[in-house]
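Participant: Build out the structure end to end from the sequences listed, making use of the hints.
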Amino acid sequence: MVSADTRNEALQALRPQGLRALFHGDNAWCADSMMLSCEMTDSMPLSEFLYGPLLTKTLHQCAAAYPDVDLRAVSSFWSLYYFSLLVIPYICARQSGVALPVELENMTIAINDQGLPRSFGLPHEGQACDAPDVMTVISHVAKSHLNTVVQVLKDRTGISPKLAWNNAAVYIDYAVNSAAENHCRDGWPCRPLFETQIFDDGTRNPFFGCLRQETDHGANLCRRKICCLRYKLPGVAGCGELCALPELRKQ
1 MVSADTRNEA
11 LQALRPQGLR
21 ALFHGDNAWC
31 ADSMMLSCEM
41 TDSMPLSEFL
51 YGPLLTKTLH
61 QCAAAYPDVD
71 LRAVSSFWSL
81 YYFSLLVIPY
91 ICARQSGVAL
101 PVELENMTIA
111 INDQGLPRSF
121 GLPHEGQACD
131 APDVMTVISH
141 VAKSHLNTVV
151 QVLKDRTGIS
161 PKLAWNNAAV
171 YIDYAVNSAA
181 ENHCRDGWPC
191 RPLFETQIFD
201 DGTRNPFFGC
211 LRQETDHGAN
221 LCRRKICCLR
231 YKLPGVAGCG
241 ELCALPELRK
251 Q
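Counted the way the numbering used here counts, the sequence shown spans residues 1 to 251.
Keep in mind that the hints were calculated from the coordinates and are not lab data. One or more of the hints may lead you astray.
In silico lysine-lysine, DSS-like type, Cα no more than 27 Å apart, as pairs [unchecked claim]:
1) Lys232 <-> Lys143
2) Lys143 <-> Lys154
3) Lys162 <-> Lys143
4) Lys162 <-> Lys57
5) Lys57 <-> Lys232
6) Lys154 <-> Lys232
7) Lys57 <-> Lys154
8) Lys162 <-> Lys232
9) Lys162 <-> Lys225
10) Lys225 <-> Lys143
Using C-beta positions, here's what the derived DEER-type ranges look like [what the hints assert, rightly or not]:
11) Thr136 <-> Ala21: 20 to 28 Å
12) Pro161 <-> Thr56: 16 to 24 Å
13) Gly52 <-> Asp32: 37 to 45 Å
14) Arg20 <-> Gly158: 21 to 29 Å
15) Ser47 <-> Thr136: 19 to 27 Å
16) Asp200 <-> His60: 21 to 29 Å
17) Glu39 <-> Ser160: 13 to 21 Å
What you are looking at is a predicted structure, and each value in this text was computed from that prediction instead of being measured. Note that the Cβ used here is the ideal one computed from N, Cα and C, for glycine as well.
Facilitator: In structure tokens:
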């Protein structure tokens, strides 16, 4: 049996470009959203950002673009960026056999000029791992990172945890589908995540019921359980058939 140390040495030899080599094709952009903290010049510790005054300041900076809009809608929109930049690279890396260190307390974050998350910083390039099981992969990032973010957003802005989990679920589903295309018999590799109430360790699965598949006019469509509120933000495009609200799906 090959030891973990040997596998990690081999992994490093195959990755001369560091994290960037993990991301390619449609997800090549992930190389600019998930980096090493030591390579970033304008980042700060993520825990300091979330628990200090900068998160509130950043959310109000975003809200300035949408006068008189409920801060919960802005917070939900902001979280879409946060979750996409976190979970898509994380899942892509797992599909490549690398477990990225996404424990919140060890990460950094950089924010763009509009107050939206731009990139995350990691303490190291991760470790070699076995072929991923979706429940195991997602339970780890949920417990080591997402739980805290969902609670902080609720405390700061009043955004519903169920809404926040739904926002994260959309990007998890995208990333798993993208990575596992043609490798799932029923065509929905994320089905266990959204149809199982508990994780393997017995803890509650917050993603249960977040997304569902429906047949509409002969087409199989994936839809949210809870609306992300983007319709409240002037100029922001809708999410089409994914939307939880039937009256907004064609807008």
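Participant: State for each hint whether it applies.
Facilitator: Status of each hint after checking the structure:
1. Between the alpha carbons of lysine 232 and lysine 143 the distance comes to roughly 30 Å, so the proposed pair goes past 27 Å and is violated.
2. Between the alpha carbons of lysine 143 and lysine 154 the distance comes to roughly 17 Å, so the proposed pair stays at or under 27 Å and holds.
3. Between lysine 162 and lysine 143, the direct Cα distance comes to roughly 16 Å. Compliance with the 27 Å bound is thereby established for this hinted pair.
4. Only pairs whose Cα atoms come within 27 Å are accepted, and lysine 162 paired with lysine 57 is accepted, the gap being roughly 24 Å.
5. Proximity of lysine 57 to lysine 232 is assessed by CA-CA distance (about 21 Å); at most 27 Å being required, the pair is judged to hold.
6. Distance restraint check for lysine 154 and lysine 232: the Cα-Cα separation of roughly 19 Å lies within the 27 Å cut-off, and the hinted pair is therefore satisfied.
7. Only pairs whose Cα atoms come within 27 Å are accepted, and lysine 57 paired with lysine 154 is accepted, the gap being roughly 16 Å.
8. Of the supplied pair hints, the one linking lysine 162 and lysine 232 holds, its CA atoms being roughly 18 Å apart against a limit of 27 Å.
9. With a C-alpha separation of about 9 Å, the suggested pair lysine 162 and lysine 225 falls inside the 27 Å cut-off, and the hint holds.
10. With a C-alpha separation of about 22 Å, the suggested pairing of lysine 225 with lysine 143 holds against the 27 Å cut-off.
11. At about 24 Å, the CB distance of threonine 136 to alanine 21 agrees with the hint of 20 to 28 Å.
12. The given range of 16 to 24 Å is respected by proline 161 and threonine 56, whose C-beta atoms sit roughly 18 Å from each other.
13. For glycine 52 and aspartate 32, the hinted distance range of 37 to 45 Å is not satisfied, since their beta carbons lie about 25 Å from each other.
14. Between arginine 20 and glycine 158 the Cβ separation comes to about 38 Å, which falls outside the hinted range of 21 to 29 Å.
15. Evaluation of the 19 to 27 Å hint for serine 47 and threonine 136 yields a pass: the beta carbon distance comes to about 25 Å.
16. Range check, aspartate 200 to histidine 60: Cβ separation about 40 Å, and the 21 to 29 Å hint is violated.
17. Under the hint 13 to 21 Å, the C-beta atoms of glutamate 39 and serine 160, about 36 Å apart, miss the expected range.
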